[in-house]
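Build out the structure end to end from the sequences listed, making use of the hints.
Counting from 1, one number per residue, gives the positions in the sequence shown under UniProt numbering.
To be clear, the hints were calculated from the coordinates, so they are not data collected in a lab.
Each hint should be verified, as a subset may be incorrect.
[To be verified] As a list, the in silico DSS-like pairs of lysine-lysine whose alpha-carbon atoms are at most 30 Å apart:
#1 Lys241 x Lys254
#2 Lys106 x Lys160
#3 Lys241 x Lys258
#4 Lys202 x Lys119
#5 Lys241 x Lys229
#6 Lys246 x Lys258
#7 Lys186 x Lys208
#8 Lys160 x Lys102
#9 Lys148 x Lys119
#10 Lys148 x Lys160
#11 Lys258 x Lys245
#12 Lys202 x Lys186
#13 Lys97 x Lys133
#14 Lys229 x Lys255
#15 Lys202 x Lys229
#16 Lys202 x Lys241
As the structure is a prediction and not an experimental result, all values here were calculated from the model.
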Amino acid sequence: MGYLMPTIFLLLLIFFIYLSIYLSIYSIHIYLSISVYIFNTSFVLIRILPSSSFSTLSSTKISFSVDQNRIPHVQRHDRQFHRTNYCQDLMEFFDAKENWNKQSVKCGRPWRLEELRIKSNQDLHKLWYILLKERNALMTMEEEYKRKCELMPSPERLYKVDESMQNILFIVRERDDALSRLETGKSIMPQIWTVRNFMGLKYQRTVKEYAVPKWMNNRYRLMHAPYPKGLGRYFMLYHEKLRLKKERAEQARKKRLKRLKEVFPHAEIEEE
Numbered sequence: 001m002g003y004l005m006p007t008i009f010l011l012l013l014i015f016f017i018y019l020s021i022y023l024s025i026y027s028i029h030i031y032l033s034i035s036v037y038i039f040n041t042s043f044v045l046i047r048i049l050p051s052s053s054f055s056t057l058s059s060t061k062i063s064f065s066v067d068q069n070r071i072p073h074v075q076r077h078d079r080q081f082h083r084t085n086y087c088q089d090l091m092e093f094f095d096a097k098e099n100w101n102k103q104s105v106k107c108g109r110p111w112r113l114e115e116l117r118i119k120s121n122q123d124l125h126k127l128w129y130i131l132l133k134e135r136n137a138l139m140t141m142e143e144e145y146k147r148k149c150e151l152m153p154s155p156e157r158l159y160k161v162d163e164s165m166q167n168i169l170f171i172v173r174e175r176d177d178a179l180s181r182l183e184t185g186k187s188i189m190p191q192i193w194t195v196r197n198f199m200g201l202k203y204q205r206t207v208k209e210y211a212v213p214k215w216m217n218n219r220y221r222l223m224h225a226p227y228p229k230g231l232g233r234y235f236m237l238y239h240e241k242l243r244l245k246k247e248r249a250e251q252a253r254k255k256r257l258k259r260l261k262e263v264f265p266h267a268e269i270e271e272e
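Below, the structure written as structure tokens:
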């Protein structure tokens with residue numbers, strides 16, 4: 001019993017010490033929160049109220065001084081945006097009205113691969129939709145001229161637009177393939193395998209997706225069945241036949257070039 005009372009007294013003393021420390025920290029936190037709130041309120045009043053309002057504030061008990069040069073100035077920028085034309089009716093799918101009664105319409109050449117390679121992806125994206133809109137308009141005009149049994153002026157425009165779109169697709173596929181080779185070391189192009197058919201002849205086959213695997217595809221198993229081993233001796237004769245056919249075609253080409261040079265000695269004949 002003699003040791004119990006000093007222990008209880010010591011525990012109470014430690015409790016009151018911790019309680020006083022906690023209350024002091026809590027009071028400091030409240031004081032800082034009130035100070036920050038007063039400073040923010042004064043800063044907002046300076047930014048919102050006009051200069052004439054400071055005379056009214058000076059009569060109150062709140063007094064402060066803020067350096068105007070240190071207040072950050074927020075600049076307002078007008079956001080630039082792009083909008084389409086006001087004309088949003090069905091006439092967007094037709095050619096310009098000044099081209100309706102013409103016999104021919106002047107048009108340029110299609111976009112070349114060299115010109116498209118130096119353009120960014122954003123420019124290619126914009127150019128693609130311009131060509132897509134032009135193709136839709138030309139196809140609509142083509143159907144309209146067919147309905148009226150008339151000739152469409154300059155129908156080659158549609159072929160030029162298609163060629164330009166195909167070139168854009170080729171450039172996009174080329175860039176995707178280069179990026180895949182850089183990151184993974186593999187090409188995104190479909191792989192080409194050399195396989196044998198049911199006669200044992202080799203040919204190039206492009207890999208593509210199927211709904212079922214090849215060992216469950218009856219048509220594939222029929223066309224690629226194991227060939228008889230007795231056909232192996234005929235492969236050499238077949239390859240020799242192909243080689244002779246290729247040599248005869250090369251000799252015929254050389255004779256044709258020689259005959260053209262004899263008839264036109266001063267002409268520059270490009271070899272095929």
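### Query
Hints broken by the structure, by number, lowest first?
4, 9, 14
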